[in-house]
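Trainee: Could you put the whole structure together from the sequences, leaning on the hints where they help?
Keeping their order, the protein sequence lines are chains B and X. Mapping the first sequence onto this note's numbering, position 111 (from 1) lands on 111, and the numbers just tick up by one. Mapping the second sequence onto this note's numbering, position 58 (from 1) lands on 58, and the numbers just tick up by one.
Hints are computed from structural coordinates only; laboratory data are not their basis. This one's a predicted model, so the numbers in the text were calculated from it and none came from an experiment. A portion of the hints provided could be inaccurate.
[Said to hold, decoys possible] DSS-like, lysine-lysine: derived pairs with alpha carbons at most 25 Å apart:
hint : chain 1 : residue 1 : chain 2 : residue 2
1    : B       : 100       : X       : 142
2    : X       : 158       : X       : 47
3    : B       : 58        : X       : 40
4    : B       : 100       : B       : 141
5    : B       : 143       : X       : 142
6    : X       : 113       : B       : 143
7    : X       : 142       : B       : 104
8    : B       : 100       : X       : 113
9    : X       : 40        : B       : 141
10   : B       : 103       : B       : 115
11   : B       : 103       : B       : 146
12   : B       : 58        : B       : 2
13   : X       : 47        : B       : 141
14   : X       : 30        : B       : 38
15   : B       : 115       : B       : 146
16   : X       : 30        : X       : 40
17   : X       : 113       : B       : 103
18   : B       : 100       : X       : 40
19   : B       : 104       : B       : 38
20   : B       : 115       : X       : 113
21   : X       : 30        : B       : 141
22   : X       : 142       : B       : 146
23   : B       : 115       : B       : 2
24   : X       : 148       : B       : 146
[What the hints assert, rightly or not] Covered stretches of chain B (chain X as the covering partner; in silico rule of three or more C-beta atoms under 8 Å from a C-beta of chain X):
hint : stretch
25   : 20-33
26   : 62-68
27   : 79-87
28   : 105-119
29   : 127-139
[Stated by the list, open to error] Listed next, with one range per pair, are the computed distances between beta-carbon atoms:
hint : chain 1 : residue 1 : chain 2 : residue 2 : range
30   : B       : 2         : X       : 45        : 39 to 47 Å
31   : X       : 21        : B       : 141       : 35 to 43 Å
32   : B       : 109       : X       : 10        : 40 to 48 Å
33   : B       : 57        : X       : 115       : 28 to 36 Å
34   : X       : 138       : B       : 146       : 24 to 32 Å
35   : X       : 52        : B       : 110       : 37 to 45 Å
36   : B       : 115       : X       : 7         : 48 to 56 Å
37   : X       : 101       : B       : 57        : 28 to 36 Å
C-beta: ideal position from N, C-alpha, C; glycine also.
Okay, here's what each chain looks like letter by letter:
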Amino acid sequence: MKKSIWVFHLNTGSCNGCDIEILDALTPYFDVERFGIKLVASPRHADLVLLTGPITLKTLPMVINALRAVPRPRYVLAIGACAVGGGIWYDSYSVIGGVKEFKKILEEHNVEIDKIVFVPGCPARPEAIIYGVALLLGLVKEKVSKEVVVID
Amino acid sequence: MTLKKLLKPFKLLSIAKKAGVVTVLYPYQKPLITPEFRGKIVIDSTKCMGCGACANACPPNALLITESNEAVILSYFVGRCIFCGRCADVCPTGAISISNEFELATTNLDNLKTILVHRHRECVNCGRPFATGRILEYVLRKVPMAEKYINECPDCRKNRFINIVSIRKR
Numbered sequence: 001m002k003k004s005i006w007v008f009h010l011n012t013g014s015c016n017g018c019d020i021e022i023l024d025a026l027t028p029y030f031d032v033e034r035f036g037i038k039l040v041a042s043p044r045h046a047d048l049v050l051l052t053g054p055i056t057l058k059t060l061p062m063v064i065n066a067l068r069a070v071p072r073p074r075y076v077l078a079i080g081a082c083a084v085g086g087g088i089w090y091d092s093y094s095v096i097g098g099v100k101e102f103k104k105i106l107e108e109h110n111v112e113i114d115k116i117v118f119v120p121g122c123p124a125r126p127e128a129i130i131y132g133v134a135l136l137l138g139l140v141k142e143k144v145s146k147e148v149v150v151i152d
Numbered sequence: 001m002t003l004k005k006l007l008k009p010f011k012l013l014s015i016a017k018k019a020g021v022v023t024v025l026y027p028y029q030k031p032l033i034t035p036e037f038r039g040k041i042v043i044d045s046t047k048c049m050g051c052g053a054c055a056n057a058c059p060p061n062a063l064l065i066t067e068s069n070e071a072v073i074l075s076y077f078v079g080r081c082i083f084c085g086r087c088a089d090v091c092p093t094g095a096i097s098i099s100n101e102f103e104l105a106t107t108n109l110d111n112l113k114t115i116l117v118h119r120h121r122e123c124v125n126c127g128r129p130f131a132t133g134r135i136l137e138y139v140l141r142k143v144p145m146a147e148k149y150i151n152e153c154p155d156c157r158k159n160r161f162i163n164i165v166s167i168r169k170r
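Mentor: What follows is the structure in structure tokens.
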């Protein structure tokens with residue numbers, strides 16, 4: 001991506017831990033405008049959606065509407081343990097449980113997401129959020145990889 | 001009044017000069033990490049014995065233990081981990097340690113998984129796989145006299161005991 005990324009902050013039933021870390025990342029201490037990142041108030045102006053929370057059933061229709069309003073190419077940064085894998089609510093009755101299940105619901109509603117970057121952490125550090133955006137922009141490389149060890 | 005208004009930007013400039021530059025150049029600079037910070041956990045595969053104490057203590061079930069006839073599989077999914085460090089507290093062999101790694105962003109969820117497969121050891125009598133080798137070694141370290149029957153499965157031990165008792169009764 002060459003243009004500046006404008007971000008929209010979407011809370012889907014988060015505990016506000018990750019939201020406060022997002023606000024931290026927007027302060028002059030980290031100064032994300034170095035990368036052209038700017039917080040906007042409407043999803044229609046945004047390139048990237050900062051999605052926090054495990055997507056509760058009550059917020060689901062609003063989340064789908066907000067994501068549909070984002071123009072293509074549509075990017076999502078799933079921030080925090082809740083958004084990535086459901087967190088401690090992963091098998092709860094009132095949540096979707098992470099972006100992976102949510103993506104299937106979006107496909108049913110014909111809302112396509114071009115790229116999702118997962119940022120684990122409970123809450124994710126502001127540096128981790130900046131790292132996630134930098135990964136999306138192609139400034140840094142992925143550090144984690146799958147590990148399988150067989151022990152006799 | 002107008003003079004005050006005119007001088008206002010210069011006043012701000014002097015305040016800004018006093019504060020200096022506070023911005024950290026994060027991706028190009030090392031982040032500030034305190035020793036108390038808890039990040040991703042690291043499972044030492046040379047020490048882990050697949051007992052499942054960590055999976056029992058894990059609040060979000062990021063550590064899961066699945067047992068089949070052939071093996072015990074310990075899977076760790078960082079995406080669900082809340083970095084509480086309980087697993088490191090309960091681990092009997094000290095295999096789990098807390099690192100300060102937090103740069104875990106990825107585009108593929110599979111990259112966040114760590115899987116340890118512990119193969120079961122087979123019984124010397126009947127050949128049925130029954131427990132992981134590491135657990136047997138651990139038991140042997142705690143109870144040295146167990147070496148007489150450690151390589152037999154629980155069923156074989158029970159049968160042997162029943163045979164001995166039945167001989168005695170006659």
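Trainee: Under the criterion that the straight-line Cα-Cα distance not exceed 25 Å, is the pair residue 100 of chain B, residue 113 of chain X satisfied?
Mentor: 15 Å, holds
Trainee: Is residue 30 of chain X close enough to residue 38 of chain B, meaning Cα to Cα at most 25 Å?
Mentor: 24 Å, holds
Trainee: Could you see if the CB distance from residue 109 of chain B to residue 10 of chain X stays within 40 to 48 Å?
Mentor: About 56 Å separates the Cβ atoms of residue 109 of chain B and residue 10 of chain X, which means 40 to 48 Å is violated.
Trainee: Can the restraint linking residue 115 of chain B and residue 113 of chain X be considered satisfied, given a maximum Cα separation of 25 Å?
Mentor: 20 Å, holds
Trainee: With a C-beta cutoff of 8 Å, work out whether three or more residues of the stretch 79-87 of chain B approach chain X closely enough for the coverage to hold.
Mentor: n = 5 at 8 Å, threshold three: holds.
Trainee: Is it true that the CA of residue 104 of chain B sits at most 25 Å from the CA of residue 38 of chain B?
Mentor: Cα-Cα ~29 Å, so violated.
Trainee: Holds or violated: residue 58 of chain B with residue 2 of chain B, Cα cutoff 25 Å?
Mentor: Distance of about 36 Å is beyond 25 Å: violated.
Trainee: Evaluate the given range 24 to 32 Å for the C-beta pair formed by residue 138 of chain X and residue 146 of chain B.
Mentor: 28 Å, holds
Trainee: Is the straight-line distance between the alpha-carbon of residue 100 of chain B and that of residue 40 of chain X 25 Å or less?
Mentor: 21 Å, holds
Trainee: Regarding the pair residue 47 of chain X and residue 141 of chain B, is the alpha-carbon distance no greater than 25 Å?
Mentor: 30 Å, violated
Trainee: So is the stretch 62-68 of chain B in contact with chain X by the C-beta rule, three or more residues under 8 Å, or is the coverage claim wrong?
Mentor: violated (count 0)
Trainee: State, for the Cβ atoms of residue 57 of chain B and residue 115 of chain X, whether the hinted interval 28 to 36 Å holds or is violated.
Mentor: Holds, since residue 57 of chain B and residue 115 of chain X (Cβ atoms, about 32 Å apart) stay within the stated range.
The earlier numbered hints that this structure contradicts are 1, 2, 3, 5, 7, 12, 13, 19, 22, 24, 26, 31, 32.
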